[in-house]
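Asker: Sequence:
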Amino acid sequence: MRGLAAVCVVIHHEAAYHSSIGILPRGYLAVDFFFLLSGFVLTPVFEQRLAQGVRPMRLLAERYARLMPVMAIGIAIGAAAHATDHGTWQAFLSMILALLLIPSITGQGAIYPANGPMWSLAFELFANTVHVLLLDRLKNWQLLMISAACGVGAAFATLITGDISFGDVTADWGYGFFRIGLSYPLGIVLARLHRSAKRRWQVNWAIPVLLLPAILLGAQWLPRIGGDLLLVILVMPALLWVSASVSVPQRAMPALRWLGEISYPVYAVHVPILAFTILVAGKFGWQDTLWFRSAVFAAILAASARIAASPLVKGVRLPDHLWRPAHFELPQGHANG
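Under UniProt numbering, the residue at position 274 of the sequence shown is numbered 274, and the numbers go up by one with no gaps.
No lab work stands behind these hints, which were simulated from the structure alone.
Wrong hints could be hidden among the right ones.
[As the list claims (entries may be wrong)] Cβ pair distances, simulated, as ranges: (1) Ala-51 with Leu-279: 41 to 51 Å; (2) Asp-288 with His-194: 40 to 50 Å; (3) Ser-20 with Trp-258: 23 to 33 Å; (4) Ala-309 with Leu-230: 34 to 44 Å; (5) Asn-204 with His-86: 18 to 28 Å; (6) Pro-44 with Gly-282: 39 to 49 Å.
For clarity, every value in this text was computed on a predicted model and none was experimentally measured.
The C-beta atom is built at its ideal place from N, Cα and C for all residues, glycine as well.
Could you put together the complete structure from these sequences and hints?
Answerer: Listed below in structure tokens is the structure:
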């Protein structure tokens, strides 16, 4: 599902780079699914590691070391494209700030000019921090209260901005805390409920695979404010629950595994590649040709697949002694992330 969501985001951003509405004008909602999925997937991981005695700082350092090498590729490409309009020094500064997770919250434009989508990674790492320091100890009803409070904040923010696609630019970056605070705790609750469920639905694997793009495609006919909130609060959690209940046949595993493996590289490099190639296309008048746009899309997938097959996707392994209690023993087959 993460891979499908990443491809939907690419389709959404690709159209924006060519000044067209495209087929997924509400593709930004896939980010809210990412936030929800992140809380769901990381809950058992964090709970197990914390129960083993791993310190929160160790978990956060592992998370950063796991995610940043791939994102750094996108940052480098994006900084090169950024330099053409803003100069080498400004591009270098934007690259360093992005690597340090420091947003640019003054002026106008993206809070991470070197790689726009990095805003969601920064918010996710913030949520991870709160997760290991606080959310792990909260009861489900307390998590739901946090989600509800952020949902109210997100509702007010949508009234101001017009939709829920906020958090990525300087004008509305602060509202991003409402966005992550709405979905991430809800993902934690769903993970706990799913783990303790005595009976789970048996759903055909193709249903959620088809539903996600169908929902994002059909969202354009819903009112922006109410429609966005409806999808994020009710539809996306229901879709995640259904997705977690599927049984995937062996014949479908290779394709779905491949989508899952390239999902993060796709998200990390697609906008920098789009930004760089649109500069090249502008010199030759190719930017609006179907063959060029198709070639760029294929290049994004190919580059992402290459990154997914490289050691970079595993991140940087931290020294075993770093932020570990003296009594902790590494489980057999330990790997970061």
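Asker: What are the numbers of the hints the structure violates, in ascending order?
Answerer: When the structure is compared with the hints, only number 5 turns out to be violated.
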